[in-house]
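S.K.: Sequence:
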Amino acid sequence: MFLPFPINFMFIALEAVLLALSGLFIKNIGATYVGTVGGLLTALGSPGLGMFTFIALTIYGAIVDITLFTFKIKGSPQGVNRNRLIAAIAISTMLIGIITYSASVIIPDFLTQTIGTPTFIIQRSWLLDIMVMFMGPATGATAGYATAYLWNKYLKNIAQTL
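Note that numbering that gives the first Met the number 0 has the sequence shown beginning at 0, numbered continuously upward.
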């Protein structure tokens, strides 16, 4: 929220941890629920890009749910597989980074070149491309490790009481 758009979406480790934990606690579409609520709350803080933020975080929650399902990661009292959780969150964070970067920079840049009128403020650069491709998976892997650590150390016993 404090970084300029779209760079703020590259450093979303806390959001990734919260979405992954919600996906482990609430079966099926827990991360989508939390992504939708988080998107709504974040949109209230930045009304100019509120709709984009809401849609992006809802999609991010859905992608986290899909990757948790694909990698067969379930929150259980026995713990979660750390490596699979790291891979799932790294992939989902990379995908949402590419989606939001494309929607905010690449597509408007293409439209500017095609139509000729500028459609957005941020200019595309190879440095931003590299940052999105590197920081998305790096942030996701860090968040996946933090989530696995929190779940296996502190939260796995809470899940059985819910």
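Derived by calculation from the structure, the hints in this document are not laboratory data. Check the hints yourself; a few may be wrong.
Claimed, not checked - In silico DSS-like pairs for lysine-lysine, Cα to Cα no more than 30 Å straight-line:
#1 152 - 73
#2 71 - 26
#3 152 - 71
S.K.: Which of the stated hints cannot be reconciled with the structure, identified by number in ascending sequence?
M.R.: Nothing - there is no hint that the structure violates, so all of them hold.
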